[in-house]
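Listed below, chain by chain, are the residues.
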Amino acid sequence: MIETDILIIGAGPVGLFTVFEAGLLKLRCHLIDSLPQVGGQCSEIYPKKPIYDIPAYPSILAGDLSDKLMEQIAPFKPGFTLGETAVEIEETDDNQFIVTTNLGTKHKAHNIAIAGGLGVFTPRKPPIPSLKFFEKKGVDYIIKDPEAYRDKKVVISGGGDSALDWAIFLADGVAKEVTLVHRSKSFRGHLDSVQRIMDMASDGKVKLMTDSEVIDVDGKEKLEHIIIKTKGEENTTVSIDSWLPLFGLTPKLGPIAKWGLEIEKNAIKVNTFDYSTNRDGIYAIGDVNTYPGKLKLILCGFHEATLMVQSAFKRVYPDKNNVLKYTTVNGVNGF
Amino acid sequence: MDNIITVTIIDREGVEHQLEAPTDMNMNVMELCKSYDLPVKGTCGGMAMCASCQVYIENDKVTLDRNDDEQLMLDEAWHVEDNSRLGCQIQLTNEIDGLIARLAPEVEDEDDW
Numbered sequence: 042m043i044e045t046d047i048l049i050i051g052a053g054p055v056g057l058f059t060v061f062e063a064g065l066l067k068l069r070c071h072l073i074d075s076l077p078q079v080g081g082q083c084s085e086i087y088p089k090k091p092i093y094d095i096p097a098y099p100s101i102l103a104g105d106l107s108d109k110l111m112e113q114i115a116p117f118k119p120g121f122t123l124g125e126t127a128v129e130i131e132e133t134d135d136n137q138f139i140v141t142t143n144l145g146t147k148h149k150a151h152n153i154a155i156a157g158g159l160g161v162f163t164p165r166k167p168p169i170p171s172l173k174f175f176e177k178k179g180v181d182y183i184i185k186d187p188e189a190y191r192d193k194k195v196v197i198s199g200g201g202d203s204a205l206d207w208a209i210f211l212a213d214g215v216a217k218e219v220t221l222v223h224r225s226k227s228f229r230g231h232l233d234s235v236q237r238i239m240d241m242a243s244d245g246k247v248k249l250m251t252d253s254e255v256i257d258v259d260g261k262e263k264l265e266h267i268i269i270k271t272k273g274e275e276n277t278t279v280s281i282d283s284w285l286p287l288f289g290l291t292p293k294l295g296p297i298a299k300w301g302l303e304i305e306k307n308a309i310k311v312n313t314f315d316y317s318t319n320r321d322g323i324y325a326i327g328d329v330n331t332y333p334g335k336l337k338l339i340l341c342g343f344h345e346a347t348l349m350v351q352s353a354f355k356r357v358y359p360d361k362n363n364v365l366k367y368t369t370v371n372g373v374n375g376f
Numbered sequence: 005m006d007n008i009i010t011v012t013i014i015d016r017e018g019v020e021h022q023l024e025a026p027t028d029m030n031m032n033v034m035e036l037c038k039s040y041d042l043p044v045k046g047t048c049g050g051m052a053m054c055a056s057c058q059v060y061i062e063n064d065k066v067t068l069d070r071n072d073d074e075q076l077m078l079d080e081a082w083h084v085e086d087n088s089r090l091g092c093q094i095q096l097t098n099e100i101d102g103l104i105a106r107l108a109p110e111v112e113d114e115d116d117w
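First to last, the sequence lines map onto chains L and F. Add 41 to the 1-based position in the first sequence for this note's numbering, that's all there is to it. Add 4 to the 1-based position in the second sequence for this note's numbering, that's all there is to it.
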C-alpha cells in the first residue's frame, strides 16, 4: 500500500503545484492520473499552445509549464500512479482514506486533494446505439496489445495521430488487412504520418476510404460487419474482425462523481476558506471545483492549492502550530 | 445600442433565446452561450479541439466557410451537417447581428464506472 500525507487526484498543473506548497510544510504527496503522463490538459490537449496568463511568463507553452512544474517539485520527491483512474474511496478507523484505482492499486492518505480538472480523459465514442454491445467484442477505443489484431481484418476510424499511427503500425506486418476510414480527405495528424499513410495506400498496404464514415455495426455474439457510408455512393457492408474508432479523448467527471461529494454543474462545491468539500479531509482544487466567483484558470488553481495545504497540514498534525515561511528566507528544503 | 448585437440561439428543446451580445469584448458564440448559462460545454475552452459547441447556422448572417482547425475538428465530430460551425470560431461582430444558430445534439455516452 502506498502511504502519503496528501493524495492528489489529477497530475495537471494544479495537482503538480500542490506538491510544492505541501512540501514547504513538510507534507509528502503522491499523485494519481488516468493519463500515462503528467500535465493533464496541458500535455494531453494543447502542449504546443502558448499560455499568456501565468505570472512572470509573458508566454509559456503548456507543455513547458508542466515540465517546469516537475522541475520545481522535484526536491519534494512526489510519487506517481500514472495511467490508472482513482475509482473507490473508503475511510479508515484512524481517520484516513484508502483510494483504489481501476487496476487495484491502493493508496492510504490523511488528505485527498481532488485536482481532477474536467475529469478523466475517456475515448470519444461515435453515437451508434448498438455500439456498446460490441465493446471488447470487436470494438476497441484503446489499443492495449497490438498482437490482438494479428492476422485480423481491421478497420480504423479517425483523422488524428492516434488513428494514423495505429493504421501504420498494424498495416506493417501485424494485421491481415487494414482499412482507414475518415470523413474527410484531410487529416489532423502530423504531416509525416499523413504522407506515410498516403504512401502505404498507394502501395496497397492500407486501404484508405476518405469522405466516408462507419454508420453502423452488426454481428451476433461479436462484431462481424460494419456499414460504411461514403459521400455520393451507396452504403457498403464490410466484413471485419475489429473496428477501432480512434477519435481522441474527452474529459468526464468519472468515478469521483460517486464519492458523496456535493456536485453542482459537473463540479465539486467547496468552501473557499480552505477549498474543503462536504467530506472532511477531501479537498477539491482547480477546474474541478466550484464556488461563487469561480474562475477556471491555472492561476486560480495555484492559489487554491496554496490555501488548501494549510488546512491539510492541520489534519496531519493537529497539535503542531504552523507559520507561513518565505522561500526567499528559508530556501526550498526537500525530502 | 452601440457595440451590442442580437444573436438568437435555439436550444436542444427548440426554445429560442434572443441574446444581447457585446461586440467589443472579444467574445465568440460559444462564450456568449456560456455567459447566458445555455447548455454549451466548451470543454476545450475555444481552441476548436472538442466540438462541444457545434451549432447549425440557420440564416445567412455567418459564412459557412470553416477555418482549417475547425474543419479538421468537424471531420471527427458527430451530427455534422452542411451548416455546422463551431460556436467558438464565430466572433461576435457587428456583421453577424441577427444571427440565428441552433445547438447541435450533445453526445452523451454513459459512464463506464
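It is possible that some hints are incorrect.
Derived pair list, reagent style DSBU-like, types lysine-lysine, alpha-carbon separation capped at 35 angstroms [to be verified]: (1) K65(F) to K147(L); (2) K337(L) to K65(F); (3) K65(F) to K173(L); (4) K166(L) to K67(L); (5) K185(L) to K65(F); (6) K38(F) to K335(L); (7) K45(F) to K90(L); (8) K226(L) to K38(F); (9) K45(F) to K185(L); (10) K177(L) to K45(F); (11) K67(L) to K149(L); (12) K38(F) to K310(L); (13) K65(F) to K89(L); (14) K89(L) to K109(L); (15) K45(F) to K337(L).
These are calculated hints, taken from the structure and not from any lab test. Values in this document were obtained by computation on a predicted structure and should not be read as measured data.
Consistency of the hints with the structure:
1. Between the alpha carbons of K65(F) and K147(L) the distance comes to roughly 56 angstroms, so the proposed pair goes past 35 angstroms and is violated.
2. Taking the CA atoms of K337(L) and K65(F), the gap is near 31 angstroms; set against the 35 angstroms cutoff, the hint holds.
3. Only pairs whose Cα atoms come within 35 angstroms are accepted, and K65(F) paired with K173(L) is rejected, the gap being roughly 40 angstroms.
4. For the proposed pair K166(L) and K67(L), the alpha carbon gap of about 43 angstroms is over 35 angstroms, so the pair is violated.
5. Distance hint between K185(L) and K65(F) is unfulfilled; the C-alpha atoms sit about 47 angstroms from each other, more than 35 angstroms.
6. Using a Cα cut-off of 35 angstroms, the hinted pair K38(F) and K335(L) holds, with the two alpha carbons roughly 14 angstroms apart.
7. Pair hint K45(F) plus K90(L) holds up; C-alpha atoms about 21 angstroms apart against a cutoff of 35 angstroms.
8. Under the criterion of a C-alpha separation no larger than 35 angstroms, the hint pairing K226(L) with K38(F) is consistent with the structure, at around 33 angstroms.
9. At roughly 30 angstroms between alpha-carbon atoms, K45(F) and K185(L) fall within 35 angstroms of each other, so this suggested pair holds.
10. Restraint check: the Cα-Cα separation between K177(L) and K45(F) comes to about 29 angstroms, which is no more than 35 angstroms; the hinted pair holds.
11. A C-alpha spacing of about 17 angstroms is found between K67(L) and K149(L), which places the hinted pair at or below 35 angstroms, so the restraint holds.
12. For the proposed pair K38(F) and K310(L), the alpha carbon gap of about 19 angstroms is at most 35 angstroms, so the pair holds.
13. For the hint pairing K65(F) with K89(L), the CA-to-CA distance comes to about 33 angstroms; that is within 35 angstroms, so the pair holds.
14. Proximity of K89(L) to K109(L) is assessed by CA-CA distance (about 14 angstroms); at most 35 angstroms being required, the pair is judged to hold.
15. This hinted pair checks out: K45(F) and K337(L) have alpha carbons roughly 13 angstroms apart, not beyond 35 angstroms.
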